[in-house]
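Since the structure of chain B is already known, use the hints to place chain X on it.
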Amino acid sequence: MMNYFPDEVLEHVFDFITCHKDRNSVSLVCKSWHRIERYSRRRVFIGNCYSISPERLIARFPGVKSLTLKGKPHFADFNLVPYDWGGFVYPWIKVLAETGIGLEELRLKRMVVSDESLELISKTFVNFQSLVLVSCDGFSADGLAAIAANCRFLRELDLQENEVDDHRGHWLSCFPESCTSLVSLNFACLKGEVNLGALERLVSRSPNLKSLRLNRSVPLDTLQKLLMRAPQLVDLGIGSYVHDPSSEASNKLKHAIQRCKSIMSLSGFLEVAPRCMSAIYPICGNLTTLNLSYAPGIHGNKLTKLIQHCRKLQRLWILDCIGDKGLGVVASTCKELQELRVFPSDPFGAGNDAVTEEGLVLVSAGCPKLNSLLYFCQQMTNAALITVAKNCPNFIRFRLCILDPVRPDPVTNQPLDEGFGAIVQSCKRLKRLSLSGLLTDQVFLYIGMYAEQLEMLSIAFAADSDKGMLYVLNGCKKLRKLEIRDCPFGNAALLEDVGKYETMRSLWMSSCEVTLGGCKTVAEMMPSLNVEIINESDQTEFNLDDGQKVDKMYLYRTLVGHRKDAPESVWILGDLTRSEHHEPSLNDMIQDMKLKNVSGDDDFIIWESNNFKLQGNFSVYGYNPFIFFFHPVVGLGVVASSCKELQELRVFPSAVFGAGNDVVTEEGLIRR
Amino acid sequence: MPAGVVDGGSETGSMSTVSREDNMVASSEDSSSPDESELELGLGLSLGAGVGSKMHQVSKTGPYARILTAQDFPSSSPSPSSSSSSSSSSSFSLSRANATAGTKRTADSVAAVANGSSQVVGWPPIRAYRMNSMVNQAKASVTEGFNSIMENCKKETSMVENSTIGGYHNSGNTKLRKSLFVKVNMDGIPIGRKVDLNAHESYEKLAKTSEEMFHETTPSVNSAGLMALQRDMTNKMARPSKLLNGSSDFVLTYEDKEGDWMLVGDVPWEMFRSSVKRLRIMRKSEATGLAPRSQERNQRQRRKPL
Chain B
1 MMNYFPDEVL EHVFDFITCH KDRNSVSLVC KSWHRIERYS RRRVFIGNCY
51 SISPERLIAR FPGVKSLTLK GKPHFADFNL VPYDWGGFVY PWIKVLAETG
101 IGLEELRLKR MVVSDESLEL ISKTFVNFQS LVLVSCDGFS ADGLAAIAAN
151 CRFLRELDLQ ENEVDDHRGH WLSCFPESCT SLVSLNFACL KGEVNLGALE
201 RLVSRSPNLK SLRLNRSVPL DTLQKLLMRA PQLVDLGIGS YVHDPSSEAS
251 NKLKHAIQRC KSIMSLSGFL EVAPRCMSAI YPICGNLTTL NLSYAPGIHG
301 NKLTKLIQHC RKLQRLWILD CIGDKGLGVV ASTCKELQEL RVFPSDPFGA
351 GNDAVTEEGL VLVSAGCPKL NSLLYFCQQM TNAALITVAK NCPNFIRFRL
401 CILDPVRPDP VTNQPLDEGF GAIVQSCKRL KRLSLSGLLT DQVFLYIGMY
451 AEQLEMLSIA FAADSDKGML YVLNGCKKLR KLEIRDCPFG NAALLEDVGK
501 YETMRSLWMS SCEVTLGGCK TVAEMMPSLN VEIINESDQT EFNLDDGQKV
551 DKMYLYRTLV GHRKDAPESV WILGDLTRSE HHEPSLNDMI QDMKLKNVSG
601 DDDFIIWESN NFKLQGNFSV YGYNPFIFFF HPVVGLGVVA SSCKELQELR
651 VFPSAVFGAG NDVVTEEGLI RR
Chain X
1 MPAGVVDGGS ETGSMSTVSR EDNMVASSED SSSPDESELE LGLGLSLGAG
51 VGSKMHQVSK TGPYARILTA QDFPSSSPSP SSSSSSSSSS SFSLSRANAT
101 AGTKRTADSV AAVANGSSQV VGWPPIRAYR MNSMVNQAKA SVTEGFNSIM
151 ENCKKETSMV ENSTIGGYHN SGNTKLRKSL FVKVNMDGIP IGRKVDLNAH
201 ESYEKLAKTS EEMFHETTPS VNSAGLMALQ RDMTNKMARP SKLLNGSSDF
251 VLTYEDKEGD WMLVGDVPWE MFRSSVKRLR IMRKSEATGL APRSQERNQR
301 QRRKPL
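Sequences listed follow chains B and X, in order.
Residues 1 to 672 in UniProt numbering are what the first sequence spells out, letter by letter.
Residues 1 to 306 in UniProt numbering are what the second sequence spells out, letter by letter.
Just chain B, same shape as in the assembly:
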């Protein structure tokens, strides 16, 4: 059959396949590959923690060592989701702990992490090495203390933009003297004091420390001491940077910084006296990443002077106080720039220093490698966007936020449809797009037509009718996440193609025109989706009439039915008797001709055949009911509908067998 090699050899080969997509493809080849891949998988990424359960994760991947979980919907970042909506990590930790999984790495985003969870992690997983928390909440410094105290081989503790209650800074002191394994320590988001002596001692005994990001409570003289002890740092986040440039402290700092020849990433400056920036210049020439987005104190000439030293920058995060002129400096200096994020320093005012379309055009002209953008600005024109599209056809992520949400092109007074249309038409590899400004249905027609690789789309205050949403749903084949707020999309758009939502991770619609009845219909038609209604108003006011407009709807595909931890403000629609999600086998599906999630059981993945072998890429044959070559786009449903007497099905991913469109039938090789 397929196995010309013993399992160990295949496993060794699979070790080289690290990309999730490829590993998933590998697992589809045949039963034995599925089995070998399963047992050898170490890293698992779960984009929605409610789409699967920890029990099933472990059943499939008992050897999992590294887990990434995401919880709340993206718009939770902007306070559109109640604080108790969900996304609790504790149930995951509990199951992992009980089943004896040897967890080593945990990466969480937008999840609720309790101190109890952190404590349980620290006490259960003896080989735990890496904890990365992004935009999480629910824990305090006590939980961090448990991690510090108990994880004997901790390499990474990376806290990014979390809301942490850290009224006590003693957690740093909880790292035992025997802990010398730290590679990365990022506590920039903590607001409280830390024990500076403990920090210095910790850094001194961590020879492998490469990344250190301090919070604002760490003063300059401590920074200097830390740098003296860790000249091998690659990534530095400065806490407080306040000093008198003529002082002894300043000279010591300069000396310390100059010793750090490996620093490539610089961030922080959470408190800064901008007249002292010259001490940093010696390391600017090596920087590939610079994040000054939390440093409003650095602006004007100080900022541009600093940037002029950074010729190798690939990633730049700044505030809009840089101004269009400053972006011009970026354009002429940073020729290697790939990612630019410009955040507003005054989101609710109309700052004169803010950036406009001019700055963006300058950067696009000067930085041809630009592929990722997040740009908050006061205004944008179609002409500018068209120019940017021409200059930079390589955008993978393009997120534009015009602070006034329905602002048209100020020059022509037209909507920005043509500008964004140019972006999607030119940037063939665009995966993520956020729109703003005045937009009609037309822009969505363009998106549906051209944005073939688009995976995530964020829409606000746009469109004229349901057509907008329909263009997107019909056109964007690879769409995974769609989030919409304040658009006139109603039930007709929502219900047009409910099966589409099963191909996506999630759909968010808030302040749109969909009604309770529409949402209920989706839930009834698609048992594999959880359809959640979030209603934060007083319960007694909410009218239970199906015609009632729904304020917030969040739906997502899942294999494990309704979740049990939703708060009162969240209603999960649908027939409760179907919350135990039944997964049919392929045979069931073929008989029913209905769309269901296909079970991962080994039974159907491969059936033996005496007659035919298939390999390579494949196309769908309509005339032979016995053999089907499985096409990833058209898919299994076609098989089901056309192939009533299916006896054989083999699935081969193109990734494994490489390029080529050869398919094999009984007539030999046929080229497509």
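Please note that a few of the clues may not be correct.
With a Cα cut of at most 20 Å, we get these calculated DMTMM-like pairs of lysine to aspartate or glutamate [claimed, not checked]: (1) X:K284 <-> X:E255; (2) X:K205 <-> X:E255; (3) X:K277 <-> B:E163; (4) X:K277 <-> X:E255; (5) X:K284 <-> X:E201; (6) B:K428 <-> B:E452; (7) X:K139 <-> B:E452; (8) X:K139 <-> B:E193; (9) B:K191 <-> B:E161.
Which residues of chain X face chain B? A partial, calculated answer using Cβ under 8 Å [claimed, not checked]: (10) V121; (11) G122; (12) I126; (13) R127; (14) Y129; (15) S133; (16) Q137; (17) K139; (18) F181; (19) G188; (20) P190; (21) G192; (22) M282.
None of these hints come from the bench; they were simulated from the model.
For every residue, glycine included, the Cβ atom is placed at its ideal position computed from N, Cα and C.
Then chain X, alone, in the frame of chain B:
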């Protein structure tokens, strides 16, 4: 090419993924992170024509399974042909001279923004953490320009604080929630716990819960004295709370809204509940100088140890 072959290059209508077990969810990092490429599991289902959009070329090669859509359910959903008519009245534009009335909600939100008052929740789309840090930096700096930010951010701040602080909160934010969690720390144990005051109606219950909580904790740091305490507790679980009757080595104290540390147990429960910020199980030896039970708060003299 034999008839009936669907050219894999053309996209025929919308697609739906038939997921294979967990592959569907075990996808790689999304495009917000540059590092990992995206999973697409790649089992798709070809649909028939969508809404008649010219974008789609449906291959007429035989029956395809279709996603069951609203059209298949005659009962509840509107027909797609009316898709635009149902919402066409909801177009809106602030810049056009004859602005048609949009959806009330949307128009209101947009009007609010257009007026310069930042009353739109969640706009501009800046992560709450970043917004908070801007507000904090504004408070720290006293310059004129920041005061306007503060004015505008006040509403944002209170919303932000209510919804971004996670599972723990002080007694000040009780009106939205039914639980009243306060932190409890015990001297010598690095891990604090939380207790829901609304779940306890009396001091006795509260003290019991606190004792039990820290009895279950197995401390791993500096535990010599604690082991003794634990043995102590194990032996005496059945008795009335030791924290309250003074027979333990520890006492239960609380920090009130004014920042003073008081012994638990004197004021009426309701009064205690409304003024407590957090609890601490304090070593008796350190409890000297706490405002004694019957003393008024504004007398700060040192007292005899309890």
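Hints versus structure:
no., hint, verdict
1, X:K284 <-> X:E255, "holds, 16 Å"
2, X:K205 <-> X:E255, "holds, 19 Å"
3, X:K277 <-> B:E163, "holds, 19 Å"
4, X:K277 <-> X:E255, "holds, 6 Å"
5, X:K284 <-> X:E201, "violated, 25 Å"
6, B:K428 <-> B:E452, "holds, 7 Å"
7, X:K139 <-> B:E452, "violated, 46 Å"
8, X:K139 <-> B:E193, "holds, 18 Å"
9, B:K191 <-> B:E161, "holds, 11 Å"
10, V121, "holds, 6 Å"
11, G122, "holds, 4 Å"
12, I126, "holds, 6 Å"
13, R127, "holds, 4 Å"
14, Y129, "holds, 4 Å"
15, S133, "holds, 6 Å"
16, Q137, "holds, 6 Å"
17, K139, "violated, 12 Å"
18, F181, "violated, 11 Å"
19, G188, "violated, 12 Å"
20, P190, "holds, 4 Å"
21, G192, "holds, 4 Å"
22, M282, "violated, 15 Å"
Hint compliance for this structure: hints 5, 7, 17, 18, 19 and 22 are not met, and every other hint is.
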